[in-house]
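Under the working numbering, think of the first position of the sequence shown as 281, with each following residue one higher.
Please note that the accuracy of each hint is not assured.
Pairs of lysine-lysine residues, derived as DSS-like cross-links and limited to a Cα-Cα distance of at most 25 Å, are as follows [as the list claims (entries may be wrong)]:
id: 1; residue 1: 298; residue 2: 389
id: 2; residue 1: 455; residue 2: 302
id: 3; residue 1: 309; residue 2: 325
id: 4; residue 1: 302; residue 2: 373
id: 5; residue 1: 342; residue 2: 398
id: 6; residue 1: 377; residue 2: 455
id: 7; residue 1: 298; residue 2: 455
id: 8; residue 1: 398; residue 2: 455
id: 9; residue 1: 455; residue 2: 395
id: 10; residue 1: 389; residue 2: 377
id: 11; residue 1: 342; residue 2: 298
id: 12; residue 1: 389; residue 2: 309
id: 13; residue 1: 395; residue 2: 298
id: 14; residue 1: 325; residue 2: 373
id: 15; residue 1: 302; residue 2: 389
id: 16; residue 1: 377; residue 2: 298
id: 17; residue 1: 377; residue 2: 309
id: 18; residue 1: 298; residue 2: 325
id: 19; residue 1: 389; residue 2: 342
id: 20; residue 1: 302; residue 2: 398
id: 21; residue 1: 373; residue 2: 298
id: 22; residue 1: 373; residue 2: 389
id: 23; residue 1: 325; residue 2: 302
DEER-style ranges, computed between Cβ atoms [stated by the list, open to error]:
id: 24; residue 1: 424; residue 2: 295; range: 42 to 48 Å
id: 25; residue 1: 432; residue 2: 325; range: 44 to 50 Å
id: 26; residue 1: 318; residue 2: 298; range: 17 to 23 Å
id: 27; residue 1: 355; residue 2: 329; range: 17 to 23 Å
id: 28; residue 1: 310; residue 2: 462; range: 35 to 41 Å
id: 29; residue 1: 380; residue 2: 291; range: 17 to 23 Å
id: 30; residue 1: 318; residue 2: 432; range: 33 to 39 Å
id: 31; residue 1: 432; residue 2: 309; range: 45 to 51 Å
id: 32; residue 1: 343; residue 2: 458; range: 32 to 38 Å
id: 33; residue 1: 346; residue 2: 410; range: 24 to 30 Å
Hint data in this document are derived by calculation from the structure and do not stem from the laboratory. Source: prediction; values computed, not measured. A virtual CB, placed ideally from N, CA and C, is assigned to each residue, including glycine.
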Amino acid sequence: MSRARYVLSGGLAFTEEKDMRKLSQWAEKGWLLESFAFLGYTLRKAEPQSVQYCMDIQDLNKADREDYYDMFRAGGWEPVCSSGDTIHIFRAKPGTKPIHSDNDTLYEKYRGGAKPLKSMFIVLALVAVASWILQYASKAFAWSVVISNIFMAICTVSAVLIVPVLMTYSAFRWKSSRIRQNR
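Produce the entire structure from the sequences given, and follow the hints as far as they go.
In structure tokens form, the structure reads like this:
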């Protein structure tokens with residue numbers, strides 16, 4: 281029976297390098313990254329290995345995924361897991377040339393990661409504002425308490441989701457602007 285272990289992430293937008301080092305340390309103890317998990321990672325028991333991990337951000341459709349992976353395999357990087365179609369983690373032997381070897385590729389990585397977050401923020405903000413307005417407008421209808429509460433719940437959930445999206449977007453934008461200054 282395969283044993284699994286959960287490891288908490290610090291949030292890839294904020295502690296990417298630290299998380300990748302931590303995953304490498306777990307691999308040396310015989311725990312290899314298997315998949316993303318809620319706010320962290322799932323590791324599986326294996327033979328101890330000396331490996332390095334690296335994350336890339338690339339919004340892919342299913343048709344492009346294999347070509348994308350083949351490009352990294354050619355550079356010595358094995359695909360390990362993905363979160364949706366956007367965040368991908370790779371593993372390689374120590375000393376393998378880094379995935380992002382210059383500021384241009386790093387800049388594109390973080391800039392590309394910020395794009396879907398900007399759209400998500402706009403949608404959540406519009407939903408929050410619209411549901412807040414509809415919550416007040418619904419008081420004129422029959423069953424106004426039920427309808428009003430539904431719109432207030434939608435507004436609250438949207439507002440709560442805006443916070444981590446905005447924080448992550450800001451982190452990616454900050455990283456990309458720092459890299460752009462160093463180019």
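To see whether the hints hold, each was checked on the structure:
Pair hint residue 298 plus residue 389 holds up; C-alpha atoms about 17 Å apart against a cutoff of 25 Å. With a C-alpha separation of about 21 Å, the suggested pair residue 455 and residue 302 falls inside the 25 Å cut-off, and the hint holds. Using a Cα cut-off of 25 Å, the hinted pair residue 309 and residue 325 holds, with the two alpha carbons roughly 9 Å apart. This hinted pair checks out: residue 302 and residue 373 have alpha carbons roughly 15 Å apart, not beyond 25 Å.
Straight-line distance between C-alpha atoms of residue 342 and residue 398 comes to about 23 Å, which keeps the hinted pair within the 25 Å bound. For the suggested pair residue 377 and residue 455, the alpha carbons sit about 22 Å apart, so the restraint of at most 25 Å is met. Taking the CA atoms of residue 298 and residue 455, the gap is about 15 Å. The hint holds against a cut of 25 Å. In summary, the hint linking residue 398 to residue 455 is supported, as the alpha carbons are separated by about 15 Å, within the 25 Å threshold.
Annotation: proposed proximity of residue 455 to residue 395 holds, straight-line Cα distance about 13 Å (limit 25 Å). With a C-alpha separation of about 17 Å, the suggested pair residue 389 and residue 377 falls inside the 25 Å cut-off, and the hint holds. Our distance criterion of 25 Å between C-alpha atoms is broken by residue 342 and residue 298, whose separation comes to about 29 Å. With a C-alpha separation of about 30 Å, the suggested pair residue 389 and residue 309 falls outside the 25 Å cut-off, and the hint is violated.
At most 25 Å may separate the alpha-carbon atoms for a hinted pair to count; residue 395 and residue 298 meet this at roughly 24 Å. For the suggested pair residue 325 and residue 373, the alpha carbons sit about 18 Å apart, so the restraint of at most 25 Å is met. A C-alpha spacing of about 21 Å is found between residue 302 and residue 389, which places the hinted pair at or below 25 Å, so the restraint holds. Distance hint between residue 377 and residue 298 is fulfilled; the C-alpha atoms sit about 19 Å from each other, no more than 25 Å.
Proximity of residue 377 to residue 309 is assessed by CA-CA distance (about 24 Å); at most 25 Å being required, the pair is judged to hold. The straight-line distance between the Cα atoms of residue 298 and residue 325 is roughly 21 Å, inside the 25 Å bound, and the hint therefore holds. With a CA separation close to 19 Å, the supplied pair residue 389 and residue 342 stays within the 25 Å bound. Proposed proximity of residue 302 and residue 398 is contradicted: the alpha carbons are some 29 Å apart, above 25 Å.
Taken as a hint, the residue 373 and residue 298 pair is honoured in the structure, with Cα atoms around 18 Å apart against an allowance of 25 Å. Restraint check for residue 373 and residue 389: the C-alpha separation of about 22 Å stays at or below 25 Å, so the hint holds. The suggested pairing of residue 325 with residue 302 holds, with an alpha-carbon distance near 15 Å, which does not exceed 25 Å. Against the hinted window of 42 to 48 Å, the Cβ-Cβ separation of residue 424 and residue 295 comes to about 46 Å, which satisfies the hint.
Under the hint 44 to 50 Å, the C-beta atoms of residue 432 and residue 325, about 47 Å apart, fit the expected range. The given range of 17 to 23 Å is respected by residue 318 and residue 298, whose C-beta atoms sit roughly 19 Å from each other. Hint check: residue 355 to residue 329, Cβ distance near 19 Å, so the stated range 17 to 23 Å holds. In this structure the supplied range 35 to 41 Å holds for residue 310 paired with residue 462, their Cβ-Cβ distance being about 38 Å.
The supplied range of 17 to 23 Å is met by residue 380 and residue 291, whose beta-carbon atoms lie about 19 Å from each other. As the Cβ distance of residue 318 to residue 432 is approximately 26 Å, the hint placing it in 33 to 39 Å is violated. The beta-carbon spacing between residue 432 and residue 309, approximately 48 Å, falls within the hinted interval of 45 to 51 Å. Roughly 34 Å separates the CB atoms of residue 343 and residue 458, a value that falls within the hinted 32 to 38 Å.
Separated by about 40 Å at the C-beta atoms, residue 346 and residue 410 break the suggested range of 24 to 30 Å.
Of the hints listed earlier, those the structure fails to meet are numbers 11, 12, 20, 30 and 33, in rising order.
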